[in-house]
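Sequence lines, in order, name chains Y and Z.
Residues 22 to 316 in my numbering are what the first sequence lists, from first letter to last.
Residues 9 to 196 in my numbering are what the second sequence lists, from first letter to last.
Keep in mind the hints are simulated off the structure, nothing from the lab.
Quick caveat, the model's predicted, so the values are computed rather than measured.
One or more of the hints may lead you astray.
[Claimed, not checked] Each computed BS3-like pair below joins lysine-lysine, with the alpha-carbon atoms no more than 30 angstroms apart:
{"no.": "1", "chain 1": "Z", "residue 1": "K10", "chain 2": "Y", "residue 2": "K219"}
{"no.": "2", "chain 1": "Z", "residue 1": "K79", "chain 2": "Y", "residue 2": "K268"}
{"no.": "3", "chain 1": "Y", "residue 1": "K209", "chain 2": "Y", "residue 2": "K33"}
{"no.": "4", "chain 1": "Y", "residue 1": "K199", "chain 2": "Z", "residue 2": "K10"}
{"no.": "5", "chain 1": "Z", "residue 1": "K196", "chain 2": "Y", "residue 2": "K33"}
{"no.": "6", "chain 1": "Y", "residue 1": "K268", "chain 2": "Z", "residue 2": "K36"}
[Claimed, not checked] Short derived list, chain Z residues pointing at chain Y, Cβ under 7 angstroms:
{"no.": "7", "residue": "D19"}
{"no.": "8", "residue": "L62"}
{"no.": "9", "residue": "R116"}
{"no.": "10", "residue": "Q117"}
{"no.": "11", "residue": "Y136"}
{"no.": "12", "residue": "G162"}
{"no.": "13", "residue": "R163"}
Here a beta-carbon is modelled for each residue, glycine too, at the ideal position from N, C-alpha and C.
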Amino acid sequence: MEQLTGTFAVKKGLAQMLKGGVIMDVVTAEHARIAEDAGACAVMALERVPADIRVQGGVARMSDPDLIESIMNAVSIPVMAKCRIGHFVEAQILEAIGVDYIDESEVLTPADEAHHIYKHDFKVPFVCGCRNLGEALRRIGEGAAMIRTKGEAGTGDVVEAVRHARSVLGEIRLLQNKPDEELMSYAKDIGAPFELVKEVKELGRLPVVNFAAGGIATPADAALMMQLGVDGVFVGSGIFKSGDPAKRAAAIVKAVTHYNDPGILAEVSRNLGEAMVGINVSGMDEAERIAGRGW
Amino acid sequence: MKIGVLALQGDFAEHLKMLERLGVETAKVRLPAHLDDLDGLIIPGGESTTIGKLSVDFGLIEPLRDFGRRKAVWGTCAGAIFLSKDARRTQPLLGLMDITVERNAFGRQVASFEADLDIPELGQGGAYHAVFIRAPIIETVSGTARVLSTVSDGRIVAARQGNLLATSFHPELTDDDRFHRYFLTLAK
Chain Y
22 MEQLTGTFAV KKGLAQMLKG GVIMDVVTAE HARIAEDAGA CAVMALERVP ADIRVQGGVA
82 RMSDPDLIES IMNAVSIPVM AKCRIGHFVE AQILEAIGVD YIDESEVLTP ADEAHHIYKH
142 DFKVPFVCGC RNLGEALRRI GEGAAMIRTK GEAGTGDVVE AVRHARSVLG EIRLLQNKPD
202 EELMSYAKDI GAPFELVKEV KELGRLPVVN FAAGGIATPA DAALMMQLGV DGVFVGSGIF
262 KSGDPAKRAA AIVKAVTHYN DPGILAEVSR NLGEAMVGIN VSGMDEAERI AGRGW
Chain Z
9 MKIGVLALQG DFAEHLKMLE RLGVETAKVR LPAHLDDLDG LIIPGGESTT IGKLSVDFGL
69 IEPLRDFGRR KAVWGTCAGA IFLSKDARRT QPLLGLMDIT VERNAFGRQV ASFEADLDIP
129 ELGQGGAYHA VFIRAPIIET VSGTARVLST VSDGRIVAAR QGNLLATSFH PELTDDDRFH
189 RYFLTLAK
């Protein structure tokens with residue numbers, strides 16, 4: 022009996038298992054255990070959460086393999102790690118370590134300002150950020166098996182996550198109403214592969230799982246993204262930059278499950294301590310924004 | 009007939025879609041009251057630690073055990089772990105089936121695979137193409153539990169005990185509806 026590994030079905034399949042869940046940024050094995058105990062469906066292993074990358078500046082790169090492995094050894098849930106946009110050697114290293122998913126992430130400093138990684142060449146699946154449908158379909162065309170809307174990482178301000186989710190989901194709703202003869206010029210306009218545009222029209226959704234990310238800090242933020250129509254959420258700085266990470270993490274997990282039940286949302290939102298301080302995105306310079314990274 | 013899918017976390021939407029394709033009335037189960045008028049329940053793939061924790065937090069453990077003693081329940085992957093007696097680590101389990109499991113038994117995600125299985129119980133239709141994602145194996149079956157299928161090296165990947173069913177793989181990720189139809193015969 023032949024066993025086929027690294028197929029698109031198994032890459033996309035792991036993302037399907039993460040649906041309805043919360044993926045949490047962690048910087049130590051101890052954080053990873055707190056996240057798992059709180060009900061995270063996966064963790065993102067990294068050296069600095071986005072809020073700290075913003076403050077400290079400098080070039081943000083793939084994390085030390087030792088740190089990533091210590092987190093992989095600490096928990097039983099899937100472990101993701103980030104590489105720089107276009108840095109296919111960082112991706113090769115992460116695949117060699119055995120991480121479960123690679124995030125080719127705009128949160129790190131891009132290594133290539135024109136090209137992303139050709140992700141079909143890897144056995145490990147990739148998740149990539151997007152701000153609109155065209156960007157999502159370009160990444161899927163390159164082999165991404167999961168998509169997340171970018172938001173504005175490390176701010177605790179959900180406004181960009183909402184903008185990007187409304188953009189992707191709204192464009193899909195409009196696409197469904199287009200007659201077939203308009204699909205080719207639409208594909209050209211948004212810079213997306215024609216076959217994927219056609220597939221999205223037929224499915225009425227992206228052909229892969231779509232999470233929200235970037236600025237989610239409270240159970241209400243997470244439920245808002247779920248009600249807008251995403252499949253799950255990433256929470257980066259929002260948990261471990263808050264006053265009581267374990268409690269907030271567990272509350273966000275419950276809010277994603279019961280996103281349509283305001284009574285439960287009210288209950289889990291009580292007494293969570295300080296939320297992360299946050300930066301108001303509307304007051305930020307264009308140069309400070311990272312969502313624009315990606316081509 | 010009405011079949012519920014435990015909708016705490018995981019790929020419950022894929023199971024609901026398959027059931028709807030078969031013309032079955034469905035319901036999402038997130039709280040104990042949602043079990044009331046169901047003829048059967050599917051526990052989907054996902055993360056077994058997350059599904060277990062949310063089941064504890066929302067008072068579902070005892071109602072699910074009670075449901076499984078009376079009616080048909082099928083667990084896929086994380087769901088199979090949740091149905092087991094022992095998963096070799098401390099996490100909430102229903103303990104309804106006399107099976108022990110090993111989580112992530114084939115390795116991490118790069119070892120996830122597709123393979124054709126021989127499953128005589130499904131009757132005609134040839135080999136069953138199965139998708140395994142960071143899959144568990146069923147290490148042992150005891151009591152009245154029996155093996156339905158193994159991979160080529162003999163490791164158990166599907167088992168049944170009365171109206172309870174456990175699979176390491178994900179029929180909901182394929183277009184082959186034979187396993188869902190088989191489960192519906194248990195729920196009748």
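Quick rundown of the hints versus the structure:
no., hint, result
1, Z/K10 with Y/K219, "violated, 35 angstroms"
2, Z/K79 with Y/K268, "violated, 36 angstroms"
3, Y/K209 with Y/K33, "holds, 26 angstroms"
4, Y/K199 with Z/K10, "violated, 36 angstroms"
5, Z/K196 with Y/K33, "violated, 33 angstroms"
6, Y/K268 with Z/K36, "holds, 26 angstroms"
7, D19, "holds, 4 angstroms"
8, L62, "holds, 6 angstroms"
9, R116, "holds, 5 angstroms"
10, Q117, "holds, 4 angstroms"
11, Y136, "violated, 11 angstroms"
12, G162, "violated, 11 angstroms"
13, R163, "violated, 12 angstroms"
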